[in-house]
Each structure stands twice: as C-alpha cells, then as structure tokens.
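Enquirer: Given next are the chains, with one letter for each unit.
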Amino acid sequence: MTTQARHPHLLKLTDPPIILGHRCTRCRRVAFPPDPYGCEKCGSQHDDLEELDLEAQGTVRAVATVHRHHRASPPTPFTVAVIELVGGPVIKAIVAGGEVRVGVAVTGVLVEDVEDTEGTVMVDLQFQVVT
Amino acid sequence: MLADRPVYVVGIGLHPYQRRSDTTYVALGVTAVRSALRDAEIAWPDVEAAYTGTALLGMGSSRVMLSRLGATGIPMTQVENASASGSSAVAQACLEVAAGRSDVVLALGVDKPRGGLGAAPGQAGIDNLEGGAVVPFTHFALLASEYMHLHGVTAEQVARVALKNHRNGASNQYAQRQKVRTLEEILAEPISGAMTRLQCCPVGEGAAAVVIASEDGIRRHNLDRSRAIRVVASVTRTEGLYDEGVGIDAALTAETGAAAFGEAGIESSDIDVLEVHDAFAIEELLYAEALGLCAPGEAAALVESGEFDIGGRCALSPSGGLLAMGHPIGPTGTGQIAEVVRQLRHEAGSRQQPNARTGLAHMVGIGAVCVVHVLRKD
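Here the protein sequences come in this chain order: A and B.
Residue numbers for the first sequence follow the numbering used here, beginning at 1 and rising by one.
Residue numbers for the second sequence follow the numbering used here, beginning at 1 and rising by one.
If you are wondering where the hints come from, they were derived from the structure by calculation, not from laboratory data.
C-beta: ideal position from N, C-alpha, C; glycine also.
A hint or two may mislead.
Restraint-style ranges between C-beta atoms, simulated for each label pair [what the hints assert, rightly or not]: (1) B/V180 / A/R71: 33 to 41 Å; (2) A/R68 / B/T154: 20 to 28 Å; (3) B/R225 / A/R71: 50 to 58 Å; (4) B/A99 / A/V114: 53 to 61 Å.
All chains should be modelled from the sequences, with the hints used to inform the complete structure.
Expert: Laid out in structure tokens, this is it:
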C-alpha cells in the first residue's frame, strides 16, 4: 500500500502538513494555487515564480454545509469553508468535524481516502477547528 | 460610440423558458426571432447581420436556425461568454450598429441543457484543495454566509429575494417557474448553506431575440419610433486582481456598473428597473449593493420593506429574474434586454413598474466576465 498526496504540487505530506503556493520573484505577489503559467499580477513567466511553503493555519471567513453533490465522494452532508491562511491567501477547503463558525481558527489535517484497486491511498488536506 | 450614433432596440421576442424537452434549438430560436420581427414590424430580409449567444449548442448553430426565415447570406456569428453569452450577443449587435457597419442587426440567445457544462476554467490544469467539492451553489452559499455574518442578515431575509422573484415570475407567461411561493416553501429543501432549491435558478431551455437598429434603419424601414428604446451604455469587463478574499462577483460588478453609469451619464438612483444575475438569491443583494442602489448591508432590509418590488423605489427582477424566469444560459442575457424594453415601453401589464424610464441589465459569467447594458426611453 502506498500513500500519496492527491495533489502533490499543492500539498506536502509533512507533520504539520504544508500547503504549496507560489511567490512571484518580480512583483512579490503570493498566490495559491501555484500557477503553472504566469503571475496574474505582473504577467511574469512560470520561471519567475518560486515555490512557497504556506502554513495550513487560518481563520474561517464563511461556512456552508453542502447537502447535494453530483459525485459519491465526499458523501453529503459535508462542510466547506472559506479560510484566510495566516500566510495571506484565502482558500476554500472541506472542514471536518467540530463546530465550524465564521471567525474560528482552523488547522490542516491530512485525511486518507480509501485504498484503490492498485493499493494506493490518496491523501487530501482538510481542516478542523482548533480546540 | 453609443453617444455618436444612437442605437435602439426596436423589436423583442421570446420562446418561453422551460424544462428540457424534445423541442429542438431550431424551433426555440425561430420562434423567438419570428416574434421579435413581428414586434419590430420588420421583415427578415431587412436584417443585415446576426449574433447568437449560446454556451452549450456547439459549433455553427446560427444559420441552421435563421435560414428557415430565408437564406439571405448575411454575416452570422455565435458568441460565447458563459452565462453572459446572450448579453454579449446584444453587445456585439450594438457595436456593429454603432460602428455604422449595419443599420439592423439581430441578437439572439438560444440554449438547451446538456449533461455537464464542460466549462473551460475547469480544464486549465489548475487544481485546488477542495477537489471539486465547491460547485456554483456552494460558491454562492459561502458568499451568503459571509454576507449574513458581516451584516447581521438572516437566512429568512435572503430568502425574501426569492419570495419576490417567484411572485414576479408567476405573472410572466415566459417564465419557467410561474408559481407564487410562501417563505416556508422557499426555506425548505436545503441545497448548500443558506441556499435552498427555490433560491437556486432552474436548469432549462429557451430563446430570446432582440432587433437592434440605428436611426437610419428606423427611418428607412418606417419602424415605430415611439416603441424604440435607446441603448445608452454597453460595457463588458473581466475579473481584475482584487485583494485576497474580496468577493470577485461583486467587485467586478461594481467596476462594470460604474463604467456603464459613466457611459450613460446617469447615477444608480436613476435606475427604475433592474435585471441582474440572480442565479442564487444572495446575488441580488450583492449586485444591488455593488451597483450602488444602496449601501453595503442595506439591500436585505430594502427587499423586506418592498422598496425593490414592482411599484417600489426600483423594481428589481420584475421578470422573475433567473430564479423564476429561469437561466437557460444563452437566452438569459438577451431575455433581460427584452424585459427592460418591455418595462420602458410600459407594456409589461401586471408587472409594470410605474413611470419606468431608465433600466439596467446585468449578467456575470464564469471566467469571470460581466456585461452591463443601460437602456432609456427618450
């Protein structure tokens, strides 16, 4: 059985997990997700964008519990939050468990999906409320 | 350009918006166009160019439909801007007439639903952490959560947007949803966050057509000047770079609206009727504020007090909006122009906003793009 990040270019399976963004070396703009094409602020090319580690810590700015989904996974109901990371970027992520409200602090947790037919387990990043 | 060479809507026509059926897109489109030509009292051979707004039909739809009116060989082009495709078809038609290349141009919007939207942004090879868990209704449910928290607005207050729009749609023979609803019905069936089924627009099909003409066109074809409604602004903008976490849709709407008001030489308080992209109830509040109709956080109270009802300060979504009229995509933006024209002609019957003289139509589309038109009865 092998474990791997579903999106290895977005996530480091470290403890604590690290989110991968980019910083433009020309205009200094920090962004998530890292762009494979260019900087949305100044147009610099991919070569001028450096990988940047972002802490998986932030504050919830919005919450929605989803009751209808067109795929089997994740099973409904599940909760999505807008999270302002301490490093600046604002992302959307699934928040597992806990009393999720606007303003609470959340921290990233690695969640394993079920093993597939080839013995691979995909790992995703979700968030949970800091207690 | 619209100031130099005036552009008018001289005819409108629709095929009702409805659930997916066996009606072909050709039947939908031809119905709307024949209706618009009849309304304009103009013959098909007098139309010099055509733009068809469609997001889902696939290549080459215009001539298949329009040749059924007579194969006149005029230039035809399909236009796609996601949800704003029909608005962009109108924008292109206005541009062509304002530029002096044609005196009479048709703008048509047509679409039929198909499985999966296959939108380009999702195919750009850029992933995110939530792995497809955030679809449009959740994007807007999250905006609703933020708005409600920031302004102390309740889910019931947001739902009153849908209460108003379903009530308006019930009087609109072209609307997909023609049923007055109670607040209890609207609050039932949660989809995502505060967004319930009746606070989300339906999936459907339909068609809408408008005939655009110059003063030369009106004169040459002896069209009824008293029913011609002038297009005084046509602005398209795309999403800029906003500060982290700033609502894209509202920020883009504010920029586009400001440019449109500038082009039209008006202020938001001059708007008598307003059709916006209310695919989800929360959007009407966001866009009313972004367009400057009221201060941030005030829109919910104004919906509740009836200020945005037909007969109130400014009629918001008198057609029923995307929530009740529907959102078949291609037709939607063109259909909004038809509604605003109907209102400014004072031909909207029981949905008439009294003394309507200036109207605004607004759509956004993924990408993101925003298209705003301002119309005025001179």
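Enquirer: Flag every earlier hint the structure violates by its number, smallest first.
Expert: Of the numbered hints given earlier, the structure breaks none, since each of them holds.
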